[in-house]
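One-letter residues, chain by chain:
6 protein chains.
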Amino acid sequence: MRGFYIGRFQPYHDGHHAMVGRIADEVDELVLGIGSADDSHTTHDPFTAGERIMMITKAVKDFDLTTYVVPLEDINRNAVWVSHVESMCPDFDVAYSNNPLVVRLFEESGIEVRQSPMFDRDRLEGSEIRERMIADESWRDRVPDPVVDTIEEINGIKRLQHVSDSDSLDRYTAEDEAVDEPAIGDEG
Amino acid sequence: MRGFYIGRFQPYHDGHHAMVGRIADEVDELVLGIGSADDSHTTHDPFTAGERIMMITKAVKDFDLTTYVVPLEDINRNAVWVSHVESMCPDFDVAYSNNPLVVRLFEESGIEVRQSPMFDRDRLEGSEIRERMIADESWRDRVPDPVVDTIEEINGIKRLQHVSDSDSLDRYTAEDEAVDEPAIGDEG
Amino acid sequence: MRGFYIGRFQPYHDGHHAMVGRIADEVDELVLGIGSADDSHTTHDPFTAGERIMMITKAVKDFDLTTYVVPLEDINRNAVWVSHVESMCPDFDVAYSNNPLVVRLFEESGIEVRQSPMFDRDRLEGSEIRERMIADESWRDRVPDPVVDTIEEINGIKRLQHVSDSDSLDRYTAEDEAVDEPAIGDEG
Amino acid sequence: MRGFYIGRFQPYHDGHHAMVGRIADEVDELVLGIGSADDSHTTHDPFTAGERIMMITKAVKDFDLTTYVVPLEDINRNAVWVSHVESMCPDFDVAYSNNPLVVRLFEESGIEVRQSPMFDRDRLEGSEIRERMIADESWRDRVPDPVVDTIEEINGIKRLQHVSDSDSLDRYTAEDEAVDEPAIGDEG
Amino acid sequence: MRGFYIGRFQPYHDGHHAMVGRIADEVDELVLGIGSADDSHTTHDPFTAGERIMMITKAVKDFDLTTYVVPLEDINRNAVWVSHVESMCPDFDVAYSNNPLVVRLFEESGIEVRQSPMFDRDRLEGSEIRERMIADESWRDRVPDPVVDTIEEINGIKRLQHVSDSDSLDRYTAEDEAVDEPAIGDEG
Amino acid sequence: MRGFYIGRFQPYHDGHHAMVGRIADEVDELVLGIGSADDSHTTHDPFTAGERIMMITKAVKDFDLTTYVVPLEDINRNAVWVSHVESMCPDFDVAYSNNPLVVRLFEESGIEVRQSPMFDRDRLEGSEIRERMIADESWRDRVPDPVVDTIEEINGIKRLQHVSDSDSLDRYTAEDEAVDEPAIGDEG
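Chains as they are written, first to last, in the UniProt record's numbering: chain A, 1 to 188; chain B, 1 to 188; chain C, 1 to 188; chain D, 1 to 188; chain E, 1 to 188; chain F, 1 to 188.
Same shape as in the complex, but just chain A (with noise of 0.2 Å):
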């Protein structure tokens, strides 16, 4: 049997590891599905697609579990959306997530979905490790280890703290920085 698991993996942390370790006991093989795969540099989703990869399949190789990792650019159309995930991963027989929309989105075309209790979730969470990452807190305790080895290699910490920096000193470039995330050429 084939799952689905998708997620931002914004980074990949223990949690989504344990959510995997769980679901290798269910399935025979697994498909990744990074979801905005499109987005990067910012803060809320500083790391791009080729990088997720790189994490997600080193750290997956500690499950007996053939695993398929694949980039799914955002398609901003709730109809088509589940047509999207199909044609681009291999045929999967169950949809792992919490998520309501995608639950929703999933049962709509008739696939079974499983929700499951996520584990340690106030600490495992995408935006508490990424806040960390700014302030220069512990973050490497909460994710597997080639996930460290991939962020260090990429300099990731010096990005996420450069793209979220709004502290500019010159406020007149900054006019539109109040904005969730810098846009380019935002520059007043």
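Treat the hints as calculated values from the structure; they're not laboratory data. Yeah, the Cβ is synthetic: ideal placement off N, Cα and C, and Gly gets one too. Keep in mind that the hints are not guaranteed to be accurate.
Computed, partial: chain A to chain D, Cβ under 7 Å [claimed, not checked]:
| no. | residue |
| --- | --- |
| 1 | Ala79 |
| 2 | Val80 |
| 3 | His84 |
| 4 | Ser87 |
| 5 | Gln115 |
DSS-like mimics (lysine-lysine), calculated; alpha carbons at most 30 Å apart, straight line [stated by the list, open to error]:
| no. | chain 1 | residue 1 | chain 2 | residue 2 |
| --- | --- | --- | --- | --- |
| 6 | F | Lys158 | F | Lys58 |
| 7 | F | Lys158 | C | Lys58 |
| 8 | E | Lys158 | A | Lys61 |
| 9 | C | Lys61 | F | Lys158 |
| 10 | E | Lys61 | A | Lys58 |
| 11 | D | Lys61 | B | Lys61 |
| 12 | C | Lys58 | C | Lys158 |
| 13 | F | Lys61 | F | Lys158 |
| 14 | E | Lys158 | E | Lys61 |
For chain A, the structure is supplied; the task is to place chains B, C, D, E and F on it using the hints.
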């Protein structure tokens, strides 16, 4: 004379219907443009274009009016939006709208726009009706009968309640649920 | 040596103009990139790319500098944005920007970036000038003369006031006007 | 029962009309999908979606059938095309098509497809009718009367003759006219 | 060292496989990029990205090599294509390609490209193998075993034969079938 | 009075230059629109928009004319193309074109178009000049001097020869090279 009236129609309700009734006194034919036709399965836009076409087509049979119901995909470039509408719709002589941007764009293109006060506006508002659907409060008395039929046929209340559900017990997968609409792939 | 300076230029004002003046001391030629070239007719981005090209081209004649004014449509993928800019612009040796994301993206691509404090930043800020235009307060003393000419020629103040107007008497069609910019088709 | 019938309808002609007549015997309601809705002003696709909506809506009044005429923008991804159609159209039970790709895509999605021999196919073919329009030969006897009215109202023959004109005296600007359709900007 | 090898892999065959074998002698890790990932269901591109991911992942297990199989959606802008590839793939040191455009684009971006003669090129060519599939001639001896398994599992020969079928008895719906690939909606 | 003149300018040559000279007698300002701005690195469109901006800006300094050189990305929807051009360009009073489609689209939008015979059309044609570049025949005498400079600075002949090279010794990777332009990922 042919008129044009645009809305998102999420759902088509008695306020829209009263408006069409008044327009029917002024024109022979009416083009009903469905805005954001490519959005669906969100709290703000629960119904697909196809579902909205069905609601509207059945409801406007009440009027002695040739109608054209046209889905309009978002084009996200204000400066070409009027051309987009004109190419997708039968030619029209006058547009009905109270939205300042729509009024401005049509006027800059030399198209006559008529504005008109809305009927019973507090009770008949799309967001109010969708909130009632989510909360299982009464809404059937605020939309034409064929709209009730369509929504029940497609199991629309269930869908809206499902995608609006951000009270997941599991915060882990919910890191991004503070965002207005849950984005696909926002699993943490 | 050729430099690159990007802004949204909504509108091009004395702060931008002073910046170009300083850059003119360091380079022989300057590419002025107009960000969000495809946005217009909103409170945040009232003027079209064509209107901004005209403002800038006429204003920069003040300087002894070969200039290229290049509209840059948004591409919404940070990871390919530098290539997009490079392919649309004459080759440049150094980029001028204070926006952290822009700085980061250029630096990851190996392009030199120079940052520079802005002049009189509280008074010369795009959003402040647009608010003055909306409120019919003085703004002509904050932009170069050719910018005044262009905005008057295109009847730009009227447009900005019109699209920023969310005080419609009719709340019915205004259900979505609480959203930052009214989206087309948001009629309730 | 609701059926679905797709064509480009450039223009809607007596062959299409006979087909709709036969389908009308099998279904209560019919969705007419206008393919390549975003194409116009070429020899292959002279008429806009709006013009085609008008032709078809007026012509199908001949039948005792509830109809929905839906423009379908091209999506250029076969694997999501069925979802695109389903989201834009009222739900249907059976699709009518003789195009092998369309048949295949619907069948892979579990949708019933009915194929049907076309009536008088040599005479009633879109390309043949368009060639007659270009050559000022008779074509009015091959389309329903409302189609003649619409094409005359929009001055459609003139447009088709104009865009099909590659006999420019000036070859210089015509370097790319050997390409099937002249692309915008192909001036040499 | 990490290499990059791109192909459309329609299907992945013994020529590709021999090439991967030779690359395996030169690198430790290999990224296999699947070009035109968003194309499927045509004579030229019958298989979806997901189906091709499965074929390749299973076949390359033959080699002692860490592999990453990455679908690459077409971006249709040569000038940003290298950035697109780099952001979707783990970082690589050398690219393998014989396609002149690919070689040029990588070289202009400063990336090393290695070209290599193909093995048994007349027999092992994608178009030849697809023609054999259409004609029900032998093809299983030209692809790795897991590719046979995948194609049989997805009923791929049937699909390819179906979409390549332009010998419709009914020319009416076939007006546009002279075009290389039947486009959706091309019904006359 | 302001004019508009569009071309792909691959490259900008003496025929274009003579045309601009004649237009300069009729207008005070001229907008030069660069069509297919997003195409580059092909036999048909070798140069990027940025490279073409540089060629043209330097060449038109010959004339006593305020010029605006504006890259125009393809929009692939004829019905909105005029709006696209108008929003990207300073407002113009008259358009110069011999392309029948361009003429038609402007005329349907109520914009005056002037057609003009081209000078020395057999010798001065984009495709002829590009073929000479590929074949290492003389071409420098057919373009203004600044165009020669730009093409040499960017090593443009080498690029054009490289991407036009379909005489690969290895047919295997070349299966799709029979297609006009080699598409990325077409490796068999």
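Checklist entry - Straight-line Cα separation of lysine 158/F and lysine 58/F no greater than 30 Å? => result OK: lysine 158/F and lysine 58/F at ~22 Å, within 30 Å.
Next on the checklist: Between the alpha carbons of lysine 61/C and lysine 158/F, is the straight-line distance 30 Å or under?
Outcome noted: violated, 36 Å
Item to check | chain D contact restraint for valine 80/A - C-beta distance below 7 Å | outcome: holds, 4 Å
Item to check | Restraint outcome when serine 87/A is required to lie within 7 Å of chain D by C-beta distance | outcome: Because about 3 Å separates serine 87/A from the closest Cβ in chain D, which is inside the 7 Å limit, the hint holds.
Next on the checklist: Would the hint on alanine 79/A be counted as holding, given a Cβ-Cβ threshold of 7 Å to chain D?
Outcome noted: Holds, about 3 Å.
Checklist entry - Given the proposed pairing of lysine 158/F with lysine 58/C, does the C-alpha separation stay at or below 30 Å? => result violated, 37 Å
Next on the checklist: Can you confirm whether the C-alpha distance between lysine 158/E and lysine 61/A stays at or below 30 Å?
Outcome noted: violated, 36 Å
Item to check | Proposed proximity, lysine 158/C with lysine 58/C (alpha carbon, max 30 Å) | outcome: holds, 22 Å
Checklist entry - Taking the closest Cβ pair, is glutamine 115/A under 7 Å from chain D? => result Hint violated; glutamine 115/A Cβ to chain D Cβ min 24 Å, cut 7 Å.
Next on the checklist: Run the distance test for lysine 61/D versus lysine 61/B: straight-line Cα separation, threshold 30 Å.
Outcome noted: holds, 14 Å
Checklist entry - Is the straight-line distance between the alpha-carbon of lysine 61/E and that of lysine 58/A 30 Å or less? => result Status holds; Cα separation ~16 Å.
Item to check | Supplied contact hint for histidine 84/A, tested at 7 Å Cβ to chain D | outcome: With Cβ-Cβ at 5 Å, under 7 Å, it holds.
Hint violations for this structure: numbers 5, 7, 8 and 9, all remaining hints satisfied.
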